[in-house]
Structure formats: C-alpha cells, structure tokens
Amino acid sequence: MSAMARGGVVARRLQEPLGLVAVLAVGSSVVWWYGLSAYNSRIVAVMGLSIVVAAGLNLLTGVAGQLSLGHAGFYAVGAYTTAMLVVDHDWPLLATVPVAAVLCAALGLLLAAPALRVQGPYLAMVTIAFGLIVHDIAVEFPDVTNGPAGLFPIALPRIAGRELTLEELNYLIVAVVALTMYTTSSLIRSRWGRTLRAVHGNELAAGSLGIPVVRVKRLAFVISAVYAGVAGSLFAAVNGFVNPDPFTLELSILFLVMVIIGGAGSVWGPVFGAVALTLLDRRLSSLADYRLLVYGGLLLLALYVVPDGIVGTVRGRLRRFGRAPSTAVAAVEPWDPDLGPDAARPTPAGDGPLLEARHLSKSFAGLRAVDDVSFAVERGRIHAIVGPNGAGKTTLLNLISGVERPTTGDVLLAGAPLAGRPTHEIAREGVARTFQNLALFADLTALDNVLIGLHLRAGASVPQALARTPAVYREEQALRDEALALLAFVGLAGDAGTRAGDLPQGHQRLLEIARAVASRPRLLLLDEPAAGLNHTEIDALGALVSRLRDAGMTVLFIEHHMDLVMRLSDRVTVLDYGRVLAEGTPAEVQSDAAVVEAYLGTAASPTPRPERGAAEHQTKEIIDAHG
Amino acid sequence: MLQVLASGVALGSIYALVALGFSMTWVTTQTLNFAQGELVMVGAFVGLVLHVDRGWPLLAAALASIVIVALLAVVIQQVAVAPFAKGVTSIGWILSTVAVSIMLRNLGELAWGREARRFPSPVGESLVETVGIRLQPQQLLIMAALVVIVGLLSVFLGRSLWGKALEAVAQNRDAAALAGIPPAVIAALAYAISGGLAAAAGILLAPVTFVSAHMGLSLVIKSFAVAVVAGLASFRGIVLAGIAFGMAEALVARYLGPEYRDIFGLVLIVAVLAVRPTGIFGIRKVVKV
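In order, the protein sequences belong to chains A and B.
Under our numbering, the letters of the first sequence match residues 1 to 627, in that order.
Under our numbering, the letters of the second sequence match residues 1 to 289, in that order.
Hint data in this document are derived by calculation from the structure and do not stem from the laboratory.
Please read these numbers as outputs of a predicted model, since none were measured by experiment.
Please note that a few of the clues may not be correct.
Here are some, though not all, of the chain B residues that point toward chain A, as calculated from beta-carbon distances under 7 Å [unchecked claim]:
1. Val27
2. Val49
3. Gly92
4. Ile94
5. Ser96
6. Arg105
7. Asn106
8. Ser234
9. Ala248
10. Val252
11. Leu256
12. Asp262
13. Ile269
14. Val270
Ideal Cβ positions, reconstructed from N, Cα and C, are used throughout, including at glycine.
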C-alpha cells in the first residue's frame with residue numbers, strides 16, 4: 001500500500017474523533033473567552049444551538065433531499081416541552097431534554113407520513129404548515145402554552161445540586177455540538193448516510209438495491225427532528241423563558257439558509273452557515289427593519305452564485321485542482337464473483353427453475369402490456385427475452401422486480417411468491433436489476449454507486465453508524481475494498497472517483513451492472529445492457545455476463561442486439577404483443593415460423609404491420625449473425 | 001348558520017382566486033410562486049394607495065393594481081423561477097420564490113408601514129338583508145367578482161389564440177413547443193395572469209379584513225390547500241374547493257372557536273397530502289421506467 005493510500009486510510013479513520021476534539025477545543029475556547037459577558041454568552045449559546053439544528057436539517061434536506069421549511073416547529077416543540085415541564089411540573093431541566101427528543105421524534109414520524117407520498121412544492125407547503133401549526137398552537141391556546149406571554153421563569157439546569165452558570169451551560173452546549181458533529185459526520189459517511197443519498201438521487205434505483213425507501217425517509221425526518229428538539233430544549237434553558245415570538249416561518253427559513261449557504265450535504269457546511277448567520281443576525285439587530293430583506297437576498301444570491309454552498313464550492317474547486325478523493329489504492333484484491341459457501345446467498349442447488357412466471361398479466365388502462373405470460377428461468381443459465389418494441393419486455397421485468405404489480409398471475413423465486421411485494425424486499429430475496437434508461441446516482445462517484453449496491457451485504461445498524469464503532473469502521477473498510485475490487489472486475493478501476501453522470505455511456509452501463517452485482521444476487525435482470533455500446537464494449541459485456549453465469553449467477557436479460565443474444569443465451573423467450581410467441585434454444589427460436597412471421601411478415605400478410613421498422617432491422621441482424 | 005356559510009363563501013372565493021393563480025403556473029410550467037400571498041398583499045396596498053390616498057376611482061385603481069402586480073409576477077418569473085426551472089429538483093425555484101416572498105414582505109413593511117390599514121368598501125358598510133341572511137355588501141361583491149373573473153378567464157382560455165396556446169401547453173408541453181408555441185412567452189403569460197388574479201383577490205379582500213404587510217402568509221397556505229384538495233389542474237374543482245373550504249373554515253371558527261380558524265386549514269393540508277396527495281379531482285401521474 002502506498003504512503004498516500006495509507007494516509008487516506010488514516011484520515012478516514014480519524015476524521016470523526018479529530019472533529020470531536022476540534023469542536024471541543026474551539027468551542028471551549030470561545031466560551032472561555034466570552035465567559036464573563038452574559039450578552040456574548042447568549043450569542044455563543046444560540047450559535048451552538050443553531051449548529052445543532054442546521055446539522056440535523058442538513059441530514060434531511062442536504063443529504064436526503066427532503067426540503068423542510070418547518071424546522072422552527074421542532075425547535076419550538078423542544079423549547080415548549082422543557083418550559084412546560086419545568087414551569088408547570090417542576091421537573092429538573094436536564095431530565096426534560098430526552099422527553100423533548102422523544103416527542104420530536106414522534107412528530108418527525110408524523111410529518112414523514114405526507115412526505116412519503118409527496119415531493120417538491122407539496123412537501124415544502126406541508127412543512128410550512130407544520131411550523132405554522134406549532135406557532136399557532138403556542139399563540140392561540142393559552143390554557144396550554146400561556147399564549148403570547150409565554151412560560152417563565154426557567155431556571156438554569158442543575159448538576160449535582162448546584163445551578164450551572166450561563167458559562168457552564170455553554171460548555172454543556174459545546175459538548176452537545178461536538179456530539180452532534182461526531183454523529184452526523186459518522187452517519188453521513190456510513191451505510192445509512194449512503195442510503196439517504198441514494199433516496200435523494202433516485203428512489204427507484206434505491207429500492208431495486210434493497211434499500212427500504214419509506215423507512216429511510218422516516219429515519220431522516222426522525223433524526224433531524226431529534227436534533228432540532230434537543231436544541232430547542234436547551235434554548236429554553238439559555239433564554240430563561242419561552243414565548244411564540246422566535247418560532248416563525250422566518251426562523252425555519254433561516255435554518256435552511258444556514259444549510260444552503262454552508263453547503264447542503266457536506267458535513268461541515270452547516271457549521272459554517274450557522275456561525276456566519278448567527279453573527280450576521282447580531283449585526284443586523286440594529287437594522288431589524290431590513291432583516292428579511294437581507295436573508296431573502298442572501299438566499300437568492302446563494303442559489304445563484306454558490307448552489308453547492310461555500311464549503312461545497314471550495315471543495316469542488318480543490319478537487320478540480322487534482323486533489324482527487326483518496327481512492328488511490330495501489331493493489332486491489334481481484335473481485336471474485338464466485339458465490340461460494342460463505343457468500344450471503346449461494347444459489348441453492350435445489351432442483352426446479354430459479355424463476356417462474358405463471359400466467360402473468362399487466363393492464364394499463366385497458367391495454368394488456370403483458371398478457372398471460374408463463375415461462376421459467378433455469379438455475380445458472382443465461383436467459384434472453386427478445387421481441388419488437390412495445391412487446392411488453394420491460395413491463396415483464398418490472399413485474400418480476402416489483403416495480404409494478406401484476407394485474408393477475410404469480411412470480412415465483414425458487415418456489416417462493418414474489419408478486420405484489422415491494423421492490424426492496426424482492427431485492428433482499430436476491431433479485432437485482434439494471435435499467436434501460438440508466439438509473440445511476442449521477443451526482444455520486446462510481447465508488448459510492450457500488451457502495452450503495454453493497455447495502456444488503458453490510459450490517460451496521462443506525463445507532464452503530466451514529467457512533468461509528470470500530471466494528472462499523474472495519475466493515476466500511478471491507479466494503480470499500482470490495483467496491484474497488486468490483487469496479488476493477490467490470491473494468492472501471494480508473495473511474496472510482498469520477499462522478500457517475502460524467503462517465504461515458506458504455507462505462508455507465510458497466511457501472512450499473514457492477515452496482516447490481518454487488519449484492520451477489522441469485523437472479524440478475526438486465527434491461528438492454530448493450531444499448532448504446534460499441535462493438536468492443538459489447539464483446540466485453542458478453543464476457544462479463546458469461547463470467548457471472550460461470551460463477552453461478554442466473555441472468556435474465558432483454559436485448560435487441562441479436563448477435564449478442566444468440567451468442568450468450570442458453571435459452572430465449574420471444575414476446576410479441578405481450579404474449580409468449582416462442583421459446584427455446586437460440587437455434588430453435590431462429591427457425592420458428594411464428595417468430596419469422598412476427599419479425600418479417602409473410603406472404604399471407606402482405607401489408608407490413610405498423611411500427612416494425614426496428615424489428616425488421618433486428619431480423620436482418622439475426623440473418624447477418626448466422627449466415 | 002346560513003349567515004356563517006355565506007361569509008365563508010366570500011372568503012372561499014378569495015382562496016379560489018389565489019389558488020387559480022397557482023393552477024395557471026403549475027399546469028403550464030410545473031412551477032409555483034411561493035410569493036403568491038405577497039402579490040395579494042402588494043395588490044391590496046397598491047389599490048389602497050391609489051384609491052384611498054390618491055383618490056383615483058376604484059375601477060381605475062383596481063386595473064392599475066392588477067397590471068402592476070401582473071408585471072411584478074413576470075419579473076419574479078424571470079428572476080427567481082426561470083433560472084431554476086430547468087433543474088431536476090424543484091428545490092431551487094421553491095427556495096428562490098420563498099426568498100422573494102420574505103423580501104416582498106419586508107419591502108411592504110418599509111413602504112407601507114407595520115400597521116394594518118383599513119380599506120373602505122366601495123359598496124358601503126351597511127348590511128344588506130336577503131332571504132333572512134344579513135351580509136356585508138362587499139361579500140356579495142366578492143362572490144359576483146369571482147363569477148365575472150372566472151367567466152372572463154374561461155372565455156380567454158377557450159376563445160383567444162393565446163388562451164388556447166396556454167391550454168395547449170398545459171395539455172402537452174412538448175407537442176405545443178413543436179407546434180411553434182414559445183414556452184418562455186407562455187411561462188411569462190401564465191405568471192402575469194396569476195399575478196393579476198392575486199391583485200384582484202387583494203383588492204376584493206381588503207375591505208373585509210385589514211391590509212397589512214403580513215396578510216400573505218396564511219392566504220398562500222390556505223389557497224394552496226384549496227389547490228391541492230382540488231388537484232392543481234382542475235379549474236372548476238378549484239372554485240368548488242375554494243368555496244367549500246371557506247364555508248368549512250367559517251363553520252369551524254363559529255362552532256369550535258376562532259382560535260381553530262387557521263389551524264383547520266393547516267391541518268387539512270397536512271392530512272390531505274398524507275392521505276390523497278393527488279387531490280379529489282386529481283389524476284395520478286404515471287412515471288415511465
């Protein structure tokens with residue numbers, strides 16, 4: 001291993017602990033420096049709490065791509081929970097923090113319900129509405145919240161019987177910030193952080209890789225809400241009283257501006273944004289009349305000039321100057337496609353076909369895209385599906401992989417029914433797929449794409465990921481090695497650090513296969529893998545698929561390149577108008593009268609059937625390929 | 001009871017007008033203006049300044065306000081929406097129009113003060129009694145205006161060339177572009193119409209509430225709730241949903257208590273989107289893999 005690569009490994013290992021120490025050191029110094037001034041101490045406290053909210057919001061909006069314009073609502077719930085328990089029920093303040101966290105987690109779960117169904121402007125409005133509901137309750141229901149006057153006095157928290165000073169409370173807040181940064185950074189760089197990015201990038205692809213999209217979105221809302229709730233709870237302690245005034249839509253927008261200006265999705269961006277905007281906010285306190293104008297202008301400016309945020313933009317520049325991310329591992333262990341005895345899911349040696357479709361049908365608004373299709377895929381074979389455009393091939397693949405539900409009929413994998421189950425569960429059963437129109441995570445590197453594909457082979461739980469335990473670290477290291485080996489296996493070793501969307505089309509197809517194969521599926525579904533490839537690339541693809549089959553993987557693929565189909569397949573099923581027209585070995589299918597008629601038409605039907613230009617071209621290919 | 005419902009119909013008509021504005025831009029450009037509520041505010045203030053302070057005749061002040069706000073909406077479309085509308089995600093134009101909305105609110109405060117102002121109704125304040133219901137004349141005017149405006153809009157969309165072009169784009173953007181309908185012009189036109197609707201809503205609403213720089217926020221949320229319940233693409237659905245929403249809100253405020261008035265709309269929007277995000281009249285969108 002080269003010195004540079006070793007340096008990269010060490011940096012990866014120490015990133016979170018170093019961050020923890022750095023935050024503690026810098027934060028404590030700042031608190032100590034301002035220790036005696038109550039005014040400045042409050043600013044420091046608010047800055048710290050803003051970092052906590054922004055870092056949590058970053059997980060939701062920056063990483064998982066779910067816009068929230070309602071985080072002031074969670075902040076308010078945290079603050080009011082503490083205020084009510086302390087003022088009305090004489091709870092010790094620190095005991096209220098976990099209650100605030102749990103309550104916000106529950107509300108996060110509740111707010112995730114509409115978020116699971118809607119996107120974009122709808123989600124924005126829902127979250128705005130949530131923030132307004134909380135504010136409205138605080139104002140309009142004085143029996144509970146004491147209305148506009150608010151709740152007070154909230155004494156400073158006690159530890160060991162002694163009331164903390166404001167300065168000491170600030171040390172506590174610094175510790176919370178350090179913990180926040182440690183956990184969010186660990187999470188972002190973990191298996192679960194990758195699932196958040198995957199859901200952001202392409203929900204369909206994420207599901208096909210075994211990622212439970214619904215659960216992941218809920219997770220993002222809950223975690224993000226908890227950070228805001230804890231911060232709000234401590235805000236009540238810092239402030240000494242809680243009233244509805246601070247918890248406006250403007251505060252939610254301010255939190256979001258912190259994330260965006262710093263750099264949505266980056267670990268340290270929210271820290272930068274929170275510090276900068278808290279300082280700016282204090283500057284503006286004498287110009288209160290222009291606050292919203294300034295924030296709106298800043299947000300607009302940020303969207304125009306630095307859409308990746310300050311931190312994201314700086315890092316992008318650095319990367320362009322050749323400091324490629326540390327993917328330079330000198331020697332990679334060759335990836336062994338062998339499913340072997342210790343692989344997660346060895347192909348069972350049992351008899352009977354691996355995949356069986358029984359009388360599958362799918363109708364779209366009366367049109368039967370797939371009409372009573374039955375066929376079987378034998379274990380360890382390469383099985384092709386061919387047919388003219390619109391024959392229902394992709395729909396068939398969608399039915400098998402769970403992207404669509406069959407109208408009637410069954411899909412059995414090694415005898416177990418798949419039809420009607422969600423995509424990610426089917427992936428878990430060992431069915432992986434690629435997409436005709438490519439569904440890569442275009443903004444992530446090739447390496448990250450494959451790492452997401454390895455999701456099912458990793459075991460770290462969310463709490464483990466937040467803590468980044470040594471076991472998690474070791475697992476990450478192993479996954480990374482395997483992902484690099486996989487990239488080398490498909491011939492993309494040099495592209496590990498490249499943005500997937502920047503790869504040429506042929507490499508993108510190979511990357512998608514690497515990502516699908518990563519989970520070591522029993523059944524690999526490929527939807528037109530050769531589309532857009534040149535002859536050399538098609539040959540390489542053919543060799544790749546053969547190697548996977550030789551290692552025990554079963555492959556079902558749709559393809560228009562007939563020479564590839566004929567060369568590669570053990571068996572071919574021909575679809576036409578949603579029905580099985582013929583099935584057999586490549587040679588049998590080629591000489592099948594019905595197939596020839598479907599592709600060419602016969603003397604009996606002299607008028608060519610419409611939209612068959614492509615099909616005629618394919619038939620020529622058959623003839624070309626086989627003399 | 002009937003009285004409560006009637007006042008709900010008046011407010012509901014306002015929500016419907018603002019929601020129609022949402023629908024215009026959504027069906028043509030798949031974008032929304034989160035500053036739509038602030039456009040209502042600007043419309044009301046411009047009308048107030050011209051009519052009450054400067055003494056313009058009401059109709060002239062209203063027309064001037066509609067034109068000014070329509071232009072403002074086009075500016076917003078050019079500056080804050082168009083540059084971000086091509087992205088894959090909607091986060092860009094959502095945030096940019098949110099930014100515009102808080103800036104407009106701030107500017108409104110600076111230009112016209114923090115205090116809420118009264119806008120005397122052009123049709124007088126003395127209650128009229130018809131079939132046992134006593135109504136403010138302005139409430140009747142609002143209902144009449146909704147009918148006129150929706151009528152004019154349907155005639156424009158159905159009969160005029162540009163109206164038909166809008167309809168064409170709403171039905172199939174790509175085909176419309178192939179037919180030579182310039183998408184940029186259509187987008188600006190849709191925003192102009194939605195701005196005009198917002199200004200009209202502002203002037204009609206002003207006499208029954210107060211005019212203030214902060215009047216836009218709750219309006220925009222409620223109108224969006226209406227648009228969502230109706231399914232953003234259905235004009236008739238929006239008018240019906242707006243009126244139904246206004247009535248429901250009035251009933252809630254009357255029988256549960258006024259503190260529930262705003263919460264009702266907010267909870268409704270969360271609930272509708274959690275249960276039936278495509279709206280009652282909406283159609284599910286099929287995404288091809």
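Inset, instruction - Hold the hint about serine 96(B) up to the distance rule: shortest CB distance to chain A must be less than 7 Å. - result: holds (5 Å)
Inset, instruction - With chain A as the partner, please determine if valine 270(B) meets the hint condition of a C-beta pair closer than 7 Å. - result: Result: holds, 5 Å to nearest chain A Cβ.
Legend entry - Cut-off 7 Å, beta-carbon criterion: hint that leucine 256(B) touches chain A: violated (11 Å)
Legend entry - When the least beta-carbon distance from asparagine 106(B) to chain A is tested against 7 Å, hint result: This hint holds: asparagine 106(B) lies near chain A, its Cβ roughly 4 Å from the closest one there, short of 7 Å.
Inset, instruction - Hold the hint about alanine 248(B) up to the distance rule: shortest CB distance to chain A must be less than 7 Å. - result: violated (16 Å)
Inset, instruction - Verify the interface restraint on valine 252(B): the C-beta must sit less than 7 Å from at least one C-beta of chain A. - result: violated (13 Å)
Legend entry - Hint validity - valine 27(B) Cβ closer than 7 Å to any chain A Cβ: violated (13 Å)
Legend entry - Hint check, valine 49(B) versus chain A [nearest Cβ-Cβ separation less than 7 Å]: For valine 49(B), the interface hint is violated, since the closest Cβ of chain A sits about 20 Å away, which is over 7 Å.
Inset, instruction - Hold the hint about serine 234(B) up to the distance rule: shortest CB distance to chain A must be less than 7 Å. - result: With a closest approach of 16 Å, the serine 234(B) hint is violated.
Legend entry - Hint validity - aspartate 262(B) Cβ closer than 7 Å to any chain A Cβ: For aspartate 262(B), the interface hint holds, since the closest Cβ of chain A sits about 5 Å away, which is under 7 Å.
Inset, instruction - Go through the hint on isoleucine 269(B) and say holds or violated, using the shortest Cβ distance to chain A against 7 Å. - result: This hint holds: isoleucine 269(B) lies near chain A, its Cβ roughly 5 Å from the closest one there, short of 7 Å.
Legend entry - Hinted contact glycine 92(B) with chain A - closest CB pair below 7 Å: holds (6 Å)
In summary, the structure is inconsistent with hints 1, 2, 8, 9, 10 and 11 from the numbered list given earlier, while agreeing with the others.
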